[in-house]
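Chains L and X are the protein sequences, given in the same order. Under full-length UniProt numbering, think of the first position of the first sequence as 1, with each following residue one higher. Under full-length UniProt numbering, think of the first position of the second sequence as 1, with each following residue one higher.
A couple of the hints might just be wrong.
[Said to hold, decoys possible] Pair by pair, the computed Cβ-Cβ distance ranges are:
{"no.": "1", "chain 1": "X", "residue 1": "Ser310", "chain 2": "L", "residue 2": "Leu78", "range": "34 to 44 Å"}
{"no.": "2", "chain 1": "L", "residue 1": "Arg9", "chain 2": "X", "residue 2": "Ala7", "range": "45 to 55 Å"}
{"no.": "3", "chain 1": "L", "residue 1": "Leu162", "chain 2": "X", "residue 2": "Phe128", "range": "26 to 36 Å"}
{"no.": "4", "chain 1": "L", "residue 1": "Leu78", "chain 2": "X", "residue 2": "Arg281", "range": "26 to 36 Å"}
{"no.": "5", "chain 1": "L", "residue 1": "Asn203", "chain 2": "X", "residue 2": "Phe60", "range": "35 to 45 Å"}
{"no.": "6", "chain 1": "X", "residue 1": "Ser310", "chain 2": "L", "residue 2": "Gly186", "range": "49 to 59 Å"}
{"no.": "7", "chain 1": "L", "residue 1": "Gly66", "chain 2": "X", "residue 2": "Asp189", "range": "25 to 35 Å"}
{"no.": "8", "chain 1": "L", "residue 1": "Gly186", "chain 2": "X", "residue 2": "Ala157", "range": "50 to 60 Å"}
{"no.": "9", "chain 1": "X", "residue 1": "Ala161", "chain 2": "L", "residue 2": "Glu226", "range": "55 to 65 Å"}
{"no.": "10", "chain 1": "X", "residue 1": "Ala288", "chain 2": "L", "residue 2": "Ala230", "range": "48 to 58 Å"}
{"no.": "11", "chain 1": "X", "residue 1": "Arg145", "chain 2": "L", "residue 2": "Ser155", "range": "27 to 37 Å"}
{"no.": "12", "chain 1": "X", "residue 1": "Phe280", "chain 2": "L", "residue 2": "Gly186", "range": "26 to 36 Å"}
{"no.": "13", "chain 1": "L", "residue 1": "Arg24", "chain 2": "X", "residue 2": "Phe280", "range": "41 to 51 Å"}
[Unchecked claim] Derived, one-sided and incomplete: chain X residues facing chain L with beta-carbon distance under 10 Å:
{"no.": "14", "residue": "Ala23"}
{"no.": "15", "residue": "Val178"}
{"no.": "16", "residue": "Asp185"}
{"no.": "17", "residue": "Gly223"}
{"no.": "18", "residue": "Asn225"}
{"no.": "19", "residue": "Ala261"}
{"no.": "20", "residue": "Thr262"}
{"no.": "21", "residue": "Met287"}
{"no.": "22", "residue": "Ala290"}
These are computed hints drawn from the structure, not numbers from a lab. Values in this document were obtained by computation on a predicted structure and should not be read as measured data. Where is the CB? At the ideal position from N, CA and C, for every residue including glycine.
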Amino acid sequence: MAATLPPPRLLPSGDSAVTVEFSRTIDDAANERVLALDKALAASPIDGITETVPTYRSLLVHYDPGKIGFDALCEKILPIASQPLPPATKARRWRIPVAYGGEHGIDLEDVAKALNTTPEDIISRHAGGDYRVAMIGFTPGWSYLSGLDKSLQMSRRQSPRLLTPAGTISIGGIQAGIQCLAAPSGWHLLGRTPVRTYQLHRNPTFLTEPGDRVTFFAIDHKTFEELDRAAEAGEIVAEQVMA
Amino acid sequence: MSRLVVASIGPASSVQDGGRHGAQRYGLTVSGAMDRLSLAAANTLLGNEPFAAAVEIGPFGATFTARDGAVRVAIAGAPRNADVAGKPVAMDTSVTLKDGETLTLGFARGGAFTYLAIEGAIKGELVFGSLAVNARAGLGSPYPRPLQAGDEFTVDAASGAPELRIELPKPVSGPIRVLLGPQDDEFDDANKALFLDSEWKISATSDRMGYRLEGPAIKHLHGHNIVSDGTVIGSIQVPGDGSPIALMMDRGTTGGYPKIATVITADVGRLAQTSVGTAFRFREVTMAEAQDEARKFTRLIKDLPDRLRSSDTVELNIEALSDANVAGDAVSAVDAGTWQVAVEP
Numbered sequence: 001m002a003a004t005l006p007p008p009r010l011l012p013s014g015d016s017a018v019t020v021e022f023s024r025t026i027d028d029a030a031n032e033r034v035l036a037l038d039k040a041l042a043a044s045p046i047d048g049i050t051e052t053v054p055t056y057r058s059l060l061v062h063y064d065p066g067k068i069g070f071d072a073l074c075e076k077i078l079p080i081a082s083q084p085l086p087p088a089t090k091a092r093r094w095r096i097p098v099a100y101g102g103e104h105g106i107d108l109e110d111v112a113k114a115l116n117t118t119p120e121d122i123i124s125r126h127a128g129g130d131y132r133v134a135m136i137g138f139t140p141g142w143s144y145l146s147g148l149d150k151s152l153q154m155s156r157r158q159s160p161r162l163l164t165p166a167g168t169i170s171i172g173g174i175q176a177g178i179q180c181l182a183a184p185s186g187w188h189l190l191g192r193t194p195v196r197t198y199q200l201h202r203n204p205t206f207l208t209e210p211g212d213r214v215t216f217f218a219i220d221h222k223t224f225e226e227l228d229r230a231a232e233a234g235e236i237v238a239e240q241v242m243a
Numbered sequence: 001m002s003r004l005v006v007a008s009i010g011p012a013s014s015v016q017d018g019g020r021h022g023a024q025r026y027g028l029t030v031s032g033a034m035d036r037l038s039l040a041a042a043n044t045l046l047g048n049e050p051f052a053a054a055v056e057i058g059p060f061g062a063t064f065t066a067r068d069g070a071v072r073v074a075i076a077g078a079p080r081n082a083d084v085a086g087k088p089v090a091m092d093t094s095v096t097l098k099d100g101e102t103l104t105l106g107f108a109r110g111g112a113f114t115y116l117a118i119e120g121a122i123k124g125e126l127v128f129g130s131l132a133v134n135a136r137a138g139l140g141s142p143y144p145r146p147l148q149a150g151d152e153f154t155v156d157a158a159s160g161a162p163e164l165r166i167e168l169p170k171p172v173s174g175p176i177r178v179l180l181g182p183q184d185d186e187f188d189d190a191n192k193a194l195f196l197d198s199e200w201k202i203s204a205t206s207d208r209m210g211y212r213l214e215g216p217a218i219k220h221l222h223g224h225n226i227v228s229d230g231t232v233i234g235s236i237q238v239p240g241d242g243s244p245i246a247l248m249m250d251r252g253t254t255g256g257y258p259k260i261a262t263v264i265t266a267d268v269g270r271l272a273q274t275s276v277g278t279a280f281r282f283r284e285v286t287m288a289e290a291q292d293e294a295r296k297f298t299r300l301i302k303d304l305p306d307r308l309r310s311s312d313t314v315e316l317n318i319e320a321l322s323d324a325n326v327a328g329d330a331v332s333a334v335d336a337g338t339w340q341v342a343v344e345p
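Put together the whole structure using the sequences plus the hints.
As structure tokens, this is what we get:
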């Protein structure tokens, strides 16, 4: 019999969703429990659950109160969420090309200055990291990564930019990210990737899944243009590394 | 096939339906009609599915012209002056535009969004089962952006079915009902009470993504940053400046501000239809009450066909209503209740 883990907090998010919270901080162990619960609920669906959204530290479970009430749902989720579950992480690894600096990474120089080092050093530390897609959210395909090198952790910009380009590769706080669509952001822009983590008419529409591993590698700006054209035509220009 | 041409239209108008479900885990926003009951009422008048795609018209006016044949439409939601070729059209009714005829809709009189449904519904390319427009994400069909003059829909030719009206229940009045949480423990009792006991107004900077609320500043217990987690439609976030934001249909699927409360499903449309500058309050309810109301709301939409009536019986009232508008202040331009009493048969 497996040991019982500390039970998650079940927090009502209105009348049609419940937040199953494992941690209040960013924590890979909590994220693994989130993804494992997500997988368990997908494998043995509870009638009434309509959709789930895994995040860093909690699983948001949308449900239809016409099919199941809050108390009944919590009673079903709690025992599953309190037990050790098989890990959900798939052996998927992506190598993502990034054109660092210049027009594609307008904050690279400033980040280097703020950290008393060179842009080349920032690139090597960022590209040298081994990241995990902890969650996807905010806008389609926006992949939030954990695993940012501690030496690159710095607070967000004082005032967020109202629009940052599609494909932006950025860091903010202890997080790193791959942003797919143009969006507002207060993070520091290090570069741009031609990879579309979301592309409507491509199969698959969404490239990354929570739990995927990600590494980055530098490309020059000319290669960016070439890969960007290929990506626009529907190619997946990220390299998938077989485990 | 006929065409319905958007001859003129104000900002904040777009094609919306019941929303895009099933891919929130990838950050795909739900979108869909701000006032689902009104969307469903307009569609039901034409025999469409309740959450079929229709035109969501923002607070400003709009005109639509039928081309290549007759087009049957229906309007519901925020009340407005409406006419076809100078003949007034009541809210919550269907009307057929003959080839070349124009439906003219004035500014919203109280409320914000009016729904123009089209017989046979708007057609387009579904993404995750939906045509709903999210302009930020470039999603939606047939136009993945707000509508503009010159846009047109290829639609079914009008069936010639008799015109109908739909008798909706009197709108619920009183405070917008909320459940506390999921992060109400990020606020002390005094600030929770401040949130629940204060009068709020919708800020003019609001949009389909979120309604900013003007009122007292709500203070956090431990600062305004939490690790991003999932949001729902109706989540009320409190950012650093203490002014709450109610997340609406185009919300991001995750967010990093503490959420003090959540608007109950049955009241999201009421909040959506609260016009800029109108004062309102929140009231805390129990989970049991909120879920009961959610179930009643679902049942109301399912049973909308039972509320259809022949439209003949309102002709006189339409004229009276028209006269009242011509007279000026006889019908309040801001009080939706006054207007709705006026069209009561």
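Here's how the hints hold up against the structure:
In this structure the hint that Ser310 (chain X) and Leu78 (chain L) lie 34 to 44 Å apart at CB is violated, the actual value being about 53 Å. Range check, Arg9 (chain L) to Ala7 (chain X): Cβ separation about 54 Å, and the 45 to 55 Å hint holds. Here the CB-CB span from Leu162 (chain L) to Phe128 (chain X) is close to 27 Å, well matched to the stated 26 to 36 Å. Judged by the Cβ atoms, the range 26 to 36 Å given for Leu78 (chain L) and Arg281 (chain X) holds: they are separated by roughly 35 Å.
Between Asn203 (chain L) and Phe60 (chain X) the beta carbon distance is about 40 Å. The supplied range of 35 to 45 Å therefore holds. Our hint of 49 to 59 Å for Ser310 (chain X) and Gly186 (chain L) holds, since their Cβ atoms are close to 57 Å apart. For the pair Gly66 (chain L) and Asp189 (chain X), the beta carbons lie near 33 Å from each other, so the given range of 25 to 35 Å is met. Checking the proposed 50 to 60 Å range against Gly186 (chain L) and Ala157 (chain X) shows it holds: the Cβ atoms sit about 52 Å from each other.
The supplied range of 55 to 65 Å is met by Ala161 (chain X) and Glu226 (chain L), whose beta-carbon atoms lie about 57 Å from each other. Between Ala288 (chain X) and Ala230 (chain L) the beta carbons are some 55 Å apart, a value that agrees with the proposed interval 48 to 58 Å. The supplied range of 27 to 37 Å is met by Arg145 (chain X) and Ser155 (chain L), whose beta-carbon atoms lie about 35 Å from each other. Separated by about 31 Å at the C-beta atoms, Phe280 (chain X) and Gly186 (chain L) satisfy the suggested range of 26 to 36 Å.
Distance hint check: the CB atoms of Arg24 (chain L) and Phe280 (chain X) are about 32 Å apart, inconsistent with the given range 41 to 51 Å. Because the closest C-beta pair between Ala23 (chain X) and chain L is about 7 Å apart, less than 10 Å, the hint holds. The restraint placing Val178 (chain X) at the interface with chain L holds, with a minimum CB-CB distance near 8 Å, inside the 10 Å limit. At its closest, the beta carbon of Asp185 (chain X) sits 9 Å from a beta carbon of chain L; the interface hint therefore holds under the 10 Å criterion.
At about 13 Å, the closest approach between the beta carbon of Gly223 (chain X) and any beta carbon in chain L exceeds 10 Å, and the interface hint on this residue is violated. Using the Cβ-Cβ criterion of 10 Å, the hint placing Asn225 (chain X) at the interface with chain L is satisfied: the shortest such distance is roughly 8 Å. Interface restraint check for Ala261 (chain X): the shortest CB-CB distance to chain L comes to about 9 Å, inside 10 Å, so the restraint holds. With 10 Å as the threshold, the beta carbon of Thr262 (chain X) comes within range of chain L, its nearest partner Cβ sitting at about 3 Å, so the hint holds.
Annotation: interface hint on Met287 (chain X) holds; nearest CB of chain L at approximately 5 Å, less than 10 Å. Among the interface hints, the one on Ala290 (chain X) holds; its C-beta lies about 4 Å from the nearest C-beta in chain L, closer than the 10 Å criterion.
Violated hints for the displayed structure, listed by number in ascending order: 1, 13 and 17.
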